[in-house]
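Enquirer: Residue strings, one per chain:
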Amino acid sequence: MAEEIKANETLDVRGEICPNPDVKTMVKLKKMEKGQILEVLVDYPLSVERIPGNAEKNGHKVLKVERVDGPDHKIYIEAKGG
Amino acid sequence: MNPLIFLGIPIGLAFGFALQRGRFCMNSAFRDIIVLKEYNLLKAVGLAILIQMVAFAALAMAGVITISPNTFFWGANILGGFVFGIGMVVAGGCASGITYRFGEGMVGAMSAVLGLIFVGLMSTMGVFHPFIAWLRGATTVTLADGANLTLANVFGIPHYMLAFGIAGVALIVWAILSKKGEESPKKEEESVSLGTKIFKRGWGWKATAIVIAVIGILAFISSTAAGRSYGLAICGGYWSTAKSLLLGQNFIGWLSVMLMSTILGAFIAAKIAGEAKLRAPAPKVLIQTFLGGCLMGFGAAVGGGCNITHILTGVPQLALSSILNGTFIVFGCWTLAYFWFIRPMKNL
Numbered sequence: 000m001a002e003e004i005k006a007n008e009t010l011d012v013r014g015e016i017c018p019n020p021d022v023k024t025m026v027k028l029k030k031m032e033k034g035q036i037l038e039v040l041v042d043y044p045l046s047v048e049r050i051p052g053n054a055e056k057n058g059h060k061v062l063k064v065e066r067v068d069g070p071d072h073k074i075y076i077e078a079k080g081g
Numbered sequence: 000m001n002p003l004i005f006l007g008i009p010i011g012l013a014f015g016f017a018l019q020r021g022r023f024c025m026n027s028a029f030r031d032i033i034v035l036k037e038y039n040l041l042k043a044v045g046l047a048i049l050i051q052m053v054a055f056a057a058l059a060m061a062g063v064i065t066i067s068p069n070t071f072f073w074g075a076n077i078l079g080g081f082v083f084g085i086g087m088v089v090a091g092g093c094a095s096g097i098t099y100r101f102g103e104g105m106v107g108a109m110s111a112v113l114g115l116i117f118v119g120l121m122s123t124m125g126v127f128h129p130f131i132a133w134l135r136g137a138t139t140v141t142l143a144d145g146a147n148l149t150l151a152n153v154f155g156i157p158h159y160m161l162a163f164g165i166a167g168v169a170l171i172v173w174a175i176l177s178k179k180g181e182e183s184p185k186k187e188e189e190s191v192s193l194g195t196k197i198f199k200r201g202w203g204w205k206a207t208a209i210v211i212a213v214i215g216i217l218a219f220i221s222s223t224a225a226g227r228s229y230g231l232a233i234c235g236g237y238w239s240t241a242k243s244l245l246l247g248q249n250f251i252g253w254l255s256v257m258l259m260s261t262i263l264g265a266f267i268a269a270k271i272a273g274e275a276k277l278r279a280p281a282p283k284v285l286i287q288t289f290l291g292g293c294l295m296g297f298g299a300a301v302g303g304g305c306n307i308t309h310i311l312t313g314v315p316q317l318a319l320s321s322i323l324n325g326t327f328i329v330f331g332c333w334t335l336a337y338f339w340f341i342r343p344m345k346n347l
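Sequence order for the protein chains is A and B. Those letters in the first sequence? Residues 0 to 81, per numbering that gives the first Met the number 0, in order. Those letters in the second sequence? Residues 0 to 347, per numbering that gives the first Met the number 0, in order.
Worth double-checking, as some hints may not be accurate.
The calculated DSS-like cross-link candidates involving lysine-lysine, where the alpha carbons are at most 25 angstroms apart (straight line), are [claimed, not checked]:
| # | chain 1 | residue 1 | chain 2 | residue 2 |
| --- | --- | --- | --- | --- |
| 1 | A | Lys33 | A | Lys5 |
| 2 | B | Lys345 | A | Lys33 |
| 3 | B | Lys345 | B | Lys36 |
| 4 | A | Lys79 | A | Lys33 |
| 5 | B | Lys179 | A | Lys56 |
| 6 | A | Lys56 | B | Lys42 |
| 7 | A | Lys27 | B | Lys283 |
| 8 | B | Lys270 | A | Lys73 |
| 9 | B | Lys36 | A | Lys63 |
| 10 | B | Lys283 | A | Lys23 |
| 11 | A | Lys27 | A | Lys63 |
| 12 | B | Lys345 | A | Lys60 |
| 13 | A | Lys73 | B | Lys199 |
| 14 | B | Lys199 | B | Lys178 |
| 15 | A | Lys79 | A | Lys56 |
| 16 | B | Lys36 | A | Lys56 |
| 17 | A | Lys23 | A | Lys79 |
FRET-style restraints, in silico, Cβ to Cβ [as the list claims (entries may be wrong)]:
| # | chain 1 | residue 1 | chain 2 | residue 2 | range |
| --- | --- | --- | --- | --- | --- |
| 18 | B | Pro343 | A | Asp11 | 33 to 43 angstroms |
| 19 | B | Val153 | A | Gly80 | 54 to 64 angstroms |
| 20 | A | Gln35 | B | Leu245 | 45 to 55 angstroms |
| 21 | A | Lys33 | B | Ala279 | 33 to 43 angstroms |
| 22 | A | Asn7 | B | Ala224 | 55 to 65 angstroms |
| 23 | A | Asn7 | B | Met121 | 48 to 58 angstroms |
| 24 | B | Phe338 | A | Gly69 | 31 to 41 angstroms |
| 25 | B | Tyr337 | A | Gln35 | 22 to 32 angstroms |
No wet-lab data here; the hints were simulated from the structure. From the three backbone atoms N, C-alpha and C, an ideal C-beta is built for every residue, glycine too.
Bound conformation, chain A alone (with noise of 0.2 angstroms):
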């Protein structure tokens, strides 16, 4: 359960304003290669809802939406790759 998802990438996007963790992440998403895991740090509220949609939308796979503390949130996202 608490199996440690071990992240190739992390995109710190705390602070930002909209909608820049979700193109920021997504612009990401798109560079890596397939299988690689990219870790978001985020915290805000409207990001953390769609960054999983929208990264499954295209085409990534969505590991594990985690709240650490407050509006602070680790999401892992696994690229799918060129």
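Chain A is fixed; fit chain B onto it per the hints.
Expert: Relative to the frame of chain A, chain B by itself:
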């Protein structure tokens, strides 16, 4: 001071609460149709407009409120709307968006509010005022009797008929279209209590639209009781509060009271959901959101209102000024969103 202005407190608290829970931001709504192909907030805006359109017409028929369209000054509506639309992309939020995020503790939104106040005051009473007064004067169009234009009075159709007609047709077409494009069956929703849904989770677009519309309707009634014949708005509330503080005179009315309560309501909602936290972007972004706020302040002052005044409250009254201004808010938003987000993403 008219004590009825304090009727703005419950409205503002509820409005702030709903904005935060529903993430109700028109910048996201319009921008993300083209940037992220995301339609939920747009649907929320559309439904809230249609519900209010019917309710305002019915309340006006019953004599509870008076339909009060803003003056149609096409030059100022076009320029103001376009600049406001660009500004909200730069600021990362529309007037309601930066207001609820202010309450959430997002410092980027606070600096946008500062810009909106700063240039808003420069425009309503300072250095830009003569230009704005000229542009408005040169492009104002009214009916022969001086009445402000609405779709109804321009075509000589009774207001209620047109309002019910537009809302009815729009809802039927919408229902048919959404049936056709039936979404793939949703994953089983885990069962959570109603309390969790209301206080801890973000709301779905339908709930958001209905709640915002009901607040908008009550706002119009409450504000009318306090002597202000209009519904929800935002920018004017910031300006009159700031003016009172700067000049030491009392300009506080229903709108200021409502707006201050909105920020508090958003804070309470965020606090309960565990989403309230003071958090700031890089200094460069703070300057960016301040400048975005400045553009929004100018745009709202020129066009006679922000997205809430025009799109949420003016369009349901069929005000021509608001339809034009709102359209140009969307154009402004799309123009900058294209150059900032879509083109760079395409070039990857």
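Enquirer: A separate judgement is required for each hint: does it hold in the structure or not?
Expert: Verification of the hints:
no.: 1; hint: A:Lys33 x A:Lys5; result: holds (15 angstroms)
no.: 2; hint: B:Lys345 x A:Lys33; result: holds (20 angstroms)
no.: 3; hint: B:Lys345 x B:Lys36; result: holds (14 angstroms)
no.: 4; hint: A:Lys79 x A:Lys33; result: holds (5 angstroms)
no.: 5; hint: B:Lys179 x A:Lys56; result: holds (20 angstroms)
no.: 6; hint: A:Lys56 x B:Lys42; result: holds (19 angstroms)
no.: 7; hint: A:Lys27 x B:Lys283; result: holds (21 angstroms)
no.: 8; hint: B:Lys270 x A:Lys73; result: holds (20 angstroms)
no.: 9; hint: B:Lys36 x A:Lys63; result: holds (23 angstroms)
no.: 10; hint: B:Lys283 x A:Lys23; result: holds (17 angstroms)
no.: 11; hint: A:Lys27 x A:Lys63; result: holds (17 angstroms)
no.: 12; hint: B:Lys345 x A:Lys60; result: holds (22 angstroms)
no.: 13; hint: A:Lys73 x B:Lys199; result: holds (18 angstroms)
no.: 14; hint: B:Lys199 x B:Lys178; result: violated (30 angstroms)
no.: 15; hint: A:Lys79 x A:Lys56; result: holds (11 angstroms)
no.: 16; hint: B:Lys36 x A:Lys56; result: holds (10 angstroms)
no.: 17; hint: A:Lys23 x A:Lys79; result: holds (16 angstroms)
no.: 18; hint: B:Pro343 x A:Asp11: 33 to 43 angstroms; result: violated (20 angstroms)
no.: 19; hint: B:Val153 x A:Gly80: 54 to 64 angstroms; result: holds (56 angstroms)
no.: 20; hint: A:Gln35 x B:Leu245: 45 to 55 angstroms; result: holds (54 angstroms)
no.: 21; hint: A:Lys33 x B:Ala279: 33 to 43 angstroms; result: holds (36 angstroms)
no.: 22; hint: A:Asn7 x B:Ala224: 55 to 65 angstroms; result: holds (60 angstroms)
no.: 23; hint: A:Asn7 x B:Met121: 48 to 58 angstroms; result: holds (49 angstroms)
no.: 24; hint: B:Phe338 x A:Gly69: 31 to 41 angstroms; result: holds (34 angstroms)
no.: 25; hint: B:Tyr337 x A:Gln35: 22 to 32 angstroms; result: holds (30 angstroms)
Consistency with the previously given hints fails for numbers 14, 18, ordered from lowest to highest.
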